[in-house]
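Following the hints, complete the assembly by docking chain B onto the known chain A.
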Amino acid sequence: MAVQYLAANRFGLGRRFDDPAVSDPQGWLTRQLDEYDSAPAALAGLAGREAIANAYAEYRDERQAMRREMATAEGEDAMPQMAQRMARAGFRRYYAEAAGARLAAAIATPTPFPERLVHFWANHFAVSADKQTVVGFAGDYENMAIRPHIMGKFSDLLIAAVRHPAMLLYLDQAQSFGPDSVFAARIRNRGSRQAPGLNENLAREVMELHTLGVRTGYTQADVTSFAKALTGLTVAGFGRAAGPRFMPADARPGDILFIERLHQPGAQTILGKKYDQPRGQQAEAVLRDLAVHPATARHVATKLARHFTTDNPPTSLVDRLTRDFERSGGDLPSLYRVLIASPETWTGAPMMFKSPWDWCVSMLRSLKAPALGERQNIAAMFTQLGQPVWRPGSPKGYDDMVATWAGSAALMQRVELASRIAGRIGDRVDARQIAPLVLADALPPETAQAIARADSPGQGLAMLFASPAFLRR
Amino acid sequence: MILSRRSIILSGISVAAAGALPGFAYAAAATPKRLVFVIQRGAADGLATVAPTGDPAFAAARRAMADETAGGAKIDPMFTLHPALAATAGLYTRRQAHFAHAVATSYRDRSHFDGQNMLEGGGSRPYGRDDGWVGRLLTLLPAAERDAIAIAPAVPLAMRGSVQVGTYAPSRLPQADADLIARLTALYQDDPLLNPLWDSAIRTQELASDIGGNNGRNGADLGKLAASLMLPADGARVMMVETGGWDTHSGQRGRLAAQLRGLDQLVGALQTGLGAAWTDTLVIVATEFGRTVEVNGTGGTDHGTASTAMLLGGGLAAGGTVSADWPGLNTAARYEGRDLKPTRSLESVIAGAVAHHYALDPQRVMTTLYPDV
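Protein chains in written order, with this note's numbering: chain A, 1 to 473; chain B, 1001 to 1373.
Hints are computed from structural coordinates only; laboratory data are not their basis.
Check each hint, because a few of them may be wrong.
[Unchecked claim] Heads up, incomplete: computed chain A residues facing chain B, CB under 10 Å, no partners named: (1) S408; (2) S419; (3) G423; (4) D430; (5) T447; (6) S456; (7) P457; (8) Q459; (9) A462; (10) M463; (11) A466.
[Said to hold, decoys possible] Part of the chain A face toward chain B, derived, beta carbon under 7 Å: (12) V182; (13) A406; (14) M412; (15) D427; (16) A450.
[Unchecked claim] Just a sample of chain A residues kept apart from chain B, beta carbon distances all over 12 Å, derived: (17) L33; (18) N54; (19) G90; (20) E97; (21) G152; (22) G191; (23) Q281; (24) T302; (25) R306; (26) S328; (27) W346; (28) A410; (29) L411.
Quick caveat, the model's predicted, so the values are computed rather than measured.
Beta carbons: idealized from backbone N, C-alpha and C, even for Gly.
Isolated chain A, as found in the complex:
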């Protein structure tokens, strides 16, 4: 068993060049659960919610102003100018900065196992930055909703994820209104045919993706009722028609609010249980029940097991995690301990294929010299590698399967990036020394030999990063 390799790569994010040798891999991983710092230095100084919300508002206003200009402007001269101004929009810069900080945090972290879990949970509760409103918030979402809650109960993590502007905007909750709410009634009374109504997107995805899992017995009626319970939950500064009129005077852009007048009054019945709590407590009560539902336990257990074993995780591991989830009420560190202690996560083959993110992070962790230029656009690099940061394109997040990442063009792209990095710093590092460090007890003799026989230090480094064991975890 290649325990050193598995601890560093399957559980961690790859060994850092300056990591000391680990004599007790399981103890090392367990200690990280206590040593985890949810606010690492690399993330300090990122823009906060209000600044991000304001930047979006500026962009929106400017876009409207430009549309008016466009309507009067002659010909197409205004087009490139417009594109330029849009590209400069502040919230895009916030996205780029947050993506860069995410990478810096992953490279620097002394607790790579929890850091991997941050990435795992951010992907489980995925938002996708292809929506303009989400772009600026994506980093804040991971840092403020996910990071502080990965060492608590699953229910608290779920609630934190749902109660972030990124999620509420991504899954249209800011446009969901109780059909019988005060707000809707007022619009109807005005004689408008298009009364505001329910948007089920968030309710459905919470049930299907975040908690119970698809086809686990909930019905359309459950989704509708849950969507009604969620109404009233919204983001200041982003609501459309509801807009400023219903916002409390002291609400700052980006604040999460419960606005009674948007909420569907009355009790809701979901999965056979009646919820008649007042105000926002109704939705929270539903979320707390969903978070500890047996179907949720199995769904989460399966995803965790897959992430730490392979496409089709062993039933024994899924069962053990499910039981632990049910027993502990979804205590996340307890699940992590099960993963550490389970023999199934420590079997050598078949190994997972690293995602582009994992591969890149492990490569950069292994190098002392700065492998990327200061001008390197981090977000663009991951887009090129096929895994744009916080932009999986759907609320399902990135698939956690070997076939998702192991493609021929993707492989060539990795070889090219490895070559480029090797070209930059290859003669300042010795791949012959790094290889046994990072691949540890899983360094195949053929790889060691191929590296030693490379025709230049740079080529040796590129071969290490493109070697079969380095591509996997």
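Below, chain B without anything else, positioned relative to chain A:
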């Protein structure tokens, strides 16, 4: 293609598209001297590049590969130039090429990594220096002649030092070179997942290979690019060009011919592109070490010691000659019984050529370029 030096991002990766830049007047440069260092990474076989066909032990040692240079220019009673070096042979007859044979740095082991580090750093032990001989040479040159650039994604060790050096790499993401791809093919051979993926990646991807590829045209393109960067009045004056793919452990005959064809076209394109400026240009071609005298079991040669360095240009001290204190090739004459024995230091060849080129004091050049040797 003419590129403004201002478009070159110092130590960066990308460069603005050439087409978007204004053209340059072909004004005479105020500072005529130009230096190009072409590094052959991977240990080029000097015994096949400038073959000692006059040595009685040569044919026996090279066996089936003894005729590798058949048809090449007989430049000396002892030496035959590889037939792929046609343009270079032309330069030789015009006294614009010189070959220093049986030369090596002070490095005596056989690791590419360490050998290249010594060749570039110019130190007395591997990883002994953080700067390189070209970088130190720049400090001896007048400010106007220090404009230096490397055709590489980052500044190579040879050019590092106190003077800032630019880099230029084609704006497209540099593709993995053909040699790396071949090595990975071998590494993935028994991997059931990677082997088929890699196979299809290679099939579908149009690969820009290194200088040997595309029947030498890649070398010509590189030479053209180099000339365009050096020709303008405010262009680069010192340049380093990287070439790889010289590690011919197997199938040397075809591979080396392709490599040398690429190198020959690189030199030819550089000369053509520089025009009259060629008179004031010195090109140094060198590799980290040579290859074994004997052919191995796979039609190739293994890591050796001494090799050949080339000096090319319009103003050489000893153009049209081969310089060698020839050690002989019989087993007793070889270094450790297997390699061409170094009889002259590559450092002194480089320092001597540079001193002559810039009309600098040879001793001062030697102690600046190779302070530890």
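Given a cut of 7 Å on the nearest C-beta pair, is the interface hint for A:D427 held or broken against chain B? For A:D427, the interface hint holds, since the closest Cβ of chain B sits about 5 Å away, which is under 7 Å.
Could you let me know if the closest chain B CB is still more than 12 Å away from the CB of A:A410? The claim is violated: A:A410 sits with its nearest Cβ about 8 Å from chain B, within 12 Å.
Can you verify the interface hint for A:G423: is its Cβ closer than 10 Å to any Cβ in chain B? OK, holds: A:G423 within 10 Å of chain B, min 4 Å.
Mind checking the CB of A:D430 against every CB in chain B and telling me if the closest is under 10 Å? holds (6 Å)
Given as non-interface: A:L33, partner chain B, CB spacing beyond 12 Å: holds (32 Å)
Verify the interface restraint on A:A462: the C-beta must sit less than 10 Å from at least one C-beta of chain B. holds (6 Å)
Since A:W346 was said not to touch the interface, does its Cβ keep a gap of more than 12 Å from each Cβ of chain B? holds (21 Å)
Distal placement of A:S328 relative to chain B, Cβ over 12 Å: Fine: 36 Å to the nearest Cβ keeps A:S328 off the interface.
Less than 10 Å between beta-carbons is the criterion; does A:M463 satisfy it with respect to chain B? holds (6 Å)
May I ask you to check that A:E97 keeps its beta-carbon over 12 Å from the closest beta-carbon of chain B? holds (20 Å)
Given A:V182 as an interface hint, is its Cβ closer than 7 Å to any Cβ of chain B? violated (57 Å)
Holds or violated: A:T447 as interface residue toward chain B, Cβ cutoff 10 Å? holds (7 Å)
Hint compliance for this structure: hints 12, 28 and 29 are broken, all remaining hints hold.
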